[in-house]
Amino acid sequence: MTARRLLTSSNLLGAALVAVLLLLPNLTTAFFVNFVMTQTFILGLAAATIVFLAKYGGMTSLAQFLLFGVAGFMFGNAAQETGSRGLNLGWSPWVAIGFALLVTVAVAFVLGAIASRSTGIYFLMLTFVYAVIGYFVFAQIVEISGPGGITSIQRPDFLGPPVRLYYAGLLLSVLAYLGFRAAGRTPFGLALQGVRDDPVRMASLGFNVRLYRTLAFSLAGFVAGLSGLLNVWWNGQIDPASIATGPTLILLIIAVIGGITSFEGAWLGAFVYVWVFTYLRDLPLIDEIGITEARFNTVIGVIVLLIMVLSPEGLTGIVQRLRRHVGARITALQGPALGGSPSTGKRAKESGGMAT
Amino acid sequence: MSKLRRRTAPAASLAAALVLVTAGCGGGDDSAGLPADQQGSGGTAAADGDGVKLGILGQCEGPFGGFHEDAAAGTTLALARFAGATSNSSTSALDGFSGAEAAGTPIELVGIGCGDDTADRILQEVRLLVEQNGANVIVGPLSGDEGMAVAEYAKANPELTVLAGISGSQEQTLQIQAPNYFRFYGDGAIWNAGLGDLLYHQQGWRDVAVIADDYSFGHTSAAGFVADFCAVGGDVTHRVFPPLGTTDYSSYIAQLPNPDEVDGYFWAVGGTGTQAALEAFINSKGDLTGDQHAGNLFFNPDLAQALGSDIAGAHIGGFATLPGDVMTPEIEEYLASADATWESIAGSLSGNEPAPPSTAAAFGFFYGYYTAGVALVEALEAVDGDISDVDAFHAALAGLTLDLPYGPISLDENNSGVVDVGLSRLVVDDAGEVVQETVAIVPGVDQSFGGTFSPDTPSPGRDFPACDERDLPWEGQATPVVDGVPQS
Chain A
1 MTARRLLTSS NLLGAALVAV LLLLPNLTTA FFVNFVMTQT FILGLAAATI
51 VFLAKYGGMT SLAQFLLFGV AGFMFGNAAQ ETGSRGLNLG WSPWVAIGFA
101 LLVTVAVAFV LGAIASRSTG IYFLMLTFVY AVIGYFVFAQ IVEISGPGGI
151 TSIQRPDFLG PPVRLYYAGL LLSVLAYLGF RAAGRTPFGL ALQGVRDDPV
201 RMASLGFNVR LYRTLAFSLA GFVAGLSGLL NVWWNGQIDP ASIATGPTLI
251 LLIIAVIGGI TSFEGAWLGA FVYVWVFTYL RDLPLIDEIG ITEARFNTVI
301 GVIVLLIMVL SPEGLTGIVQ RLRRHVGARI TALQGPALGG SPSTGKRAKE
351 SGGMAT
Chain B
1 MSKLRRRTAP AASLAAALVL VTAGCGGGDD SAGLPADQQG SGGTAAADGD
51 GVKLGILGQC EGPFGGFHED AAAGTTLALA RFAGATSNSS TSALDGFSGA
101 EAAGTPIELV GIGCGDDTAD RILQEVRLLV EQNGANVIVG PLSGDEGMAV
151 AEYAKANPEL TVLAGISGSQ EQTLQIQAPN YFRFYGDGAI WNAGLGDLLY
201 HQQGWRDVAV IADDYSFGHT SAAGFVADFC AVGGDVTHRV FPPLGTTDYS
251 SYIAQLPNPD EVDGYFWAVG GTGTQAALEA FINSKGDLTG DQHAGNLFFN
301 PDLAQALGSD IAGAHIGGFA TLPGDVMTPE IEEYLASADA TWESIAGSLS
351 GNEPAPPSTA AAFGFFYGYY TAGVALVEAL EAVDGDISDV DAFHAALAGL
401 TLDLPYGPIS LDENNSGVVD VGLSRLVVDD AGEVVQETVA IVPGVDQSFG
451 GTFSPDTPSP GRDFPACDER DLPWEGQATP VVDGVPQS
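Protein sequences, first through last, are from chains A and B. So for the first sequence, this note's numbering puts the first residue at 1; every next one is plus one. So for the second sequence, this note's numbering puts the first residue at 1; every next one is plus one.
Some hints could be false.
Label pairs and their in silico Cβ distance ranges [what the hints assert, rightly or not]:
hint : chain 1 : residue 1 : chain 2 : residue 2 : range
1    : A       : E143      : B       : D468      : 19 to 29 Å
2    : B       : Q275      : A       : L249      : 23 to 33 Å
3    : B       : D310      : A       : L280      : 45 to 55 Å
4    : A       : I114      : B       : E261      : 33 to 43 Å
5    : A       : I144      : B       : M327      : 46 to 56 Å
6    : B       : S251      : A       : T245      : 11 to 21 Å
7    : B       : S90       : A       : E143      : 45 to 55 Å
8    : A       : G98       : B       : D468      : 36 to 46 Å
9    : B       : D430      : A       : E143      : 50 to 60 Å
10   : B       : T91       : A       : I114      : 52 to 62 Å
11   : B       : Q275      : A       : A113      : 38 to 48 Å
12   : B       : S251      : A       : S118      : 25 to 35 Å
Okay, the calculated bits of chain A under chain B, using three or more residues with CB under 8 Å as the criterion [as the list claims (entries may be wrong)]:
hint : segment
13   : 146–153
14   : 234–242
Derived by calculation from the structure, the hints in this document are not laboratory data. Every residue gets a Cβ at the ideal spot worked out from N, C-alpha and C, and that includes glycine.
Given the sequences, and given the hints that come with them, work out the whole structure.
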């Protein structure tokens with residue numbers, strides 16, 4: 001029974017996807033692997049934390065890039081041995097990784113505890129304030145951020161060749177994807193969803209609503225920290241501008257493009273963003289219609305707008321609707337003999353609920 | 001069961017997208033299958049004998065986004081003059097060029113990168129140019145923090161050759177010291193060499209407040225002025241550093257002393273912030289008294305038009321070019337060659353509106369990229385067009401002395417330019433216009449400032465260098481300029 005449950009088409013497709021991704025360095029260019037896909041994993045991982053908080057906790061956070069930056073800056077300070085930037089603590093990479101994640105989770109816990117009282121637009125704005133304050137903290141307190149960022153950050157030896165960073169991104173993405181989904185079925189995740197749906201009732205049942213929100217925020221912070229570590233290893237430097245409001249909003253845009261209630265959407269959105277950034281400008285004649293490098297942000301804006309108009313649930317919502325549409329057509333063609341109608345209706349209802 | 005099935009679609013779409021793109025990107029590419037750790041960054045194309053694949057790093061967004069055309073045009077002009085290039089457009093350099101060849105080696109433009117003044121973005125741009133488009137020579141970037149990021153990238157990719165565009169931070173050459181990163185112009189500190197000396201001895205300044213952008217170029221520029229002004233006995237009483245890209249400068253202006261409390265102000269607020277900062281000063285401290293202000297690259301005719309003639313009297317540190325009142329046959333030839341290459345160029349000095357190309361060519365942003373282009377051609381000729389030996393090519397670059405329209409440029413041991421610095425002043429001409437007039441030229445300035453700055457000293461910052469008296473090689477050595485003629 002267990003084996004049969006595992007052999008679903010969904011799981012098989014997921015396994016096939018991972019297999020393709022594992023083989024990708026042998027299938028395509030080094031640039032595509034090391035630039036496009038590695039960046040996709042880094043941004044997807046960070047965007048997935050937004051999805052996690054929004055999907056299970058009803059909290060749309062704009063502070064995830066700040067936590068991503070905290071991890072990067074802390075690693076830079078701890079691991080660098082020499083230079084005129086940062087604290088140059090010169091610790092071993094493993095200690096530096098632990099330190100960076102510890103500080104990130106601690107910051108996430110404190111920020112989460114403060115924000116745990118608010119929801120909806122107030123939570124969004126409060127976390128945006130975090131992002132702005134965080135930027136200025138790193139821009140102004142140059143002892144921990146530069147001045148002008150920490151450069152020449154070396155990745156640990158075990159991640160030497162760039163392709164290993166790609167595999168690290170893939171591994172962490174798979175773990176985060178499975179972990180976040182599994183978290184939704186744990187008592188913690190179920191309680192968190194209860195807090196999302198009816199905090200008053202949950203509180204009256206004895207659940208500590210604020211604690212659940214704070215812990216969720218801390219967990220998301222931990223994963224954002226992992227993403228931040230991958231980023232400094234990939235980029236070799238981190239700058240206060242890396243976590244300014246622009247990149248912060250881009251991360252939210254990535255989550256929205258993919259579909260903010262779908263974990264797959266985080267990576268899909270990241271992939272679309274990186275792909276558009278990388279390749280769209282090289283399309284023949286694209287500059288003839290006024291889309292030059294300088295218009296790139298406009299292009300992203302138009303794409304987001306189109307996706308939002310077509311589907312508030314993002315790209316995954318579009319795919320889901322297409323699937324339902326095709327499924328309904330097939331059911332209609334096959335006729336009532338297969339008994340498709342009742343379940344189709346039920347499925348549509350469930351999907352609608354998912355989008356809320 | 002239906003829940004699980006419902007999740008099939010997104011997974012399938014992601015898989016399909018990946019497979020499609022993988023197929024699209026992998027097909028027909030020579031480097032397909034190349035292990036990522038062996039990926040050639042720069043130099044692969046050169047080693048294959050494909051000639052120079054050139055990438056230009058400009059900046060099309062951010063505080064210096066208005067200089068994108070200037071950057072591309074500067075390099076294009078050098079290749080048009082000395083490598084037979086033809087611009088693909090008569091009104092813009094951003095459309096690229098064709099037909100460039102030096103010492104039998106073709107120079108192909110593979111892309112123009114678009115920065116936004118952040119290190120993250122310029123790293124993405126340089127990676128696109130090098131790792132995707134196969135560039136083995138990069139000209140650029142434009143701005144200070146970008147320069148440090150690209151220098152670090154060059155250091156990690158020794159096969160690549162980078163000729164900096166006009167990025168003025170000191171650290172990119174003095175501290176980072178990438179052997180394949182070359183800067184054929186001065187840094188932000190160099191551009192203020194001699195300015196403090198002049199203001200102290202000729203204008204009687206003793207106490208000065210400094211306001212500079214809070215990033216590497218602002219720090220470097222302020223450091224040059226502080227080192228120079230304090231060297232001769234002056235005192236810097238205030239140092240204020242607003243973040244780059246600030247739009248409301250009022251809170252930073254409030255931190256400055258009033259005009260009756262200091263002898264002058266040194267400004268290193270650039271890009272889109274210059275006018276906003278000076279306007280905030282007027283709102284807070286009253287009208288400008290020109291001879292109480294100094295800065296570098298910040299006072300241009302547009303600014304004077306916006307602020308009025310009160311700004312006349314301000315002193316200006318050097319930049320890459322000399323002001324228009326110094327006109328030698330070499331400069332005239334250079335400007336004429338720009339006019340012969342395009343019908344018009346929408347450079348920053350014309351407000352990004354079409355104007356005679358010589359207008360853009362006379363400005364430092366254009367010229368910095370021009371010097372890089374000239375260096376590329378001369379280095380190719382020095383190695384007979386053979387860049388398969390990258391070390392020899394780099395040695396040739398490091399050994400160049402360029403005879404350029406605005407003065408000769410050679411490189412120091414850190415591959416940074418040793419240049420002549422032109423100091424100037426804003427004056428009102430006969431037509432009532434505020435124009436720049438050269439007052440002195442400080443010859444042969446290098447970035448060490450007589451030992452003030454070295455690879456072992458901290459990077460220029462909010463507190464470094466301290467305001468101490470020190471010996472500077474050029475103190476009292478400036479060549480006066482009268483009516484555009486150096487009095488040597």
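Is the gap between the beta carbons of T91 (chain B) and I114 (chain A) within 52 to 62 Å?
-> With Cβ atoms ~55 Å apart, the hint holds.
Taking the CB of G98 (chain A) and the CB of D468 (chain B), does the distance hold inside 36 to 46 Å?
-> The hint (36 to 46 Å, Cβ to Cβ) holds, given that G98 (chain A) and D468 (chain B) are roughly 42 Å apart.
Coverage of the segment 146–153 of chain A by chain B, judged on three or more residues with CB within 8 Å | n = 5 at 8 Å, threshold three: holds.
Do the beta carbons of D310 (chain B) and L280 (chain A) sit within 45 to 55 Å of each other?
-> holds (47 Å)
Q275 (chain B) paired with A113 (chain A), Cβ distance criterion 38 to 48 Å | holds (44 Å)
Regarding D430 (chain B) and E143 (chain A), is the given constraint of 50 to 60 Å on their beta-carbon distance met?
-> At roughly 53 Å between Cβ atoms, E143 (chain A) and D430 (chain B) fall inside 50 to 60 Å, so the hint holds.
Whether the CB-CB distance between S251 (chain B) and T245 (chain A) falls inside 11 to 21 Å | With Cβ atoms ~19 Å apart, the hint holds.
Three residues minimum, CB to CB under 8 Å: does the segment 234–242 of chain A make the cut for coverage by chain B? Let me know.
-> This one holds; 6 residues, not fewer than the three required, reach chain B with a Cβ under 8 Å.
Regarding I114 (chain A) and E261 (chain B), is the given constraint of 33 to 43 Å on their beta-carbon distance met?
-> 42 Å Cβ-Cβ, so the 33 to 43 Å window holds.
Cβ-Cβ distance between I144 (chain A) and M327 (chain B): within 46 to 56 Å?
-> holds (50 Å)
If you check the beta carbons of S251 (chain B) and S118 (chain A), does the distance land in 25 to 35 Å?
-> holds (29 Å)
Range hint 19 to 29 Å (beta carbons of E143 (chain A) and D468 (chain B)) holds or violated = Check passed, 23 Å falls within 19 to 29 Å.
In summary, this structure violates none of the numbered hints.
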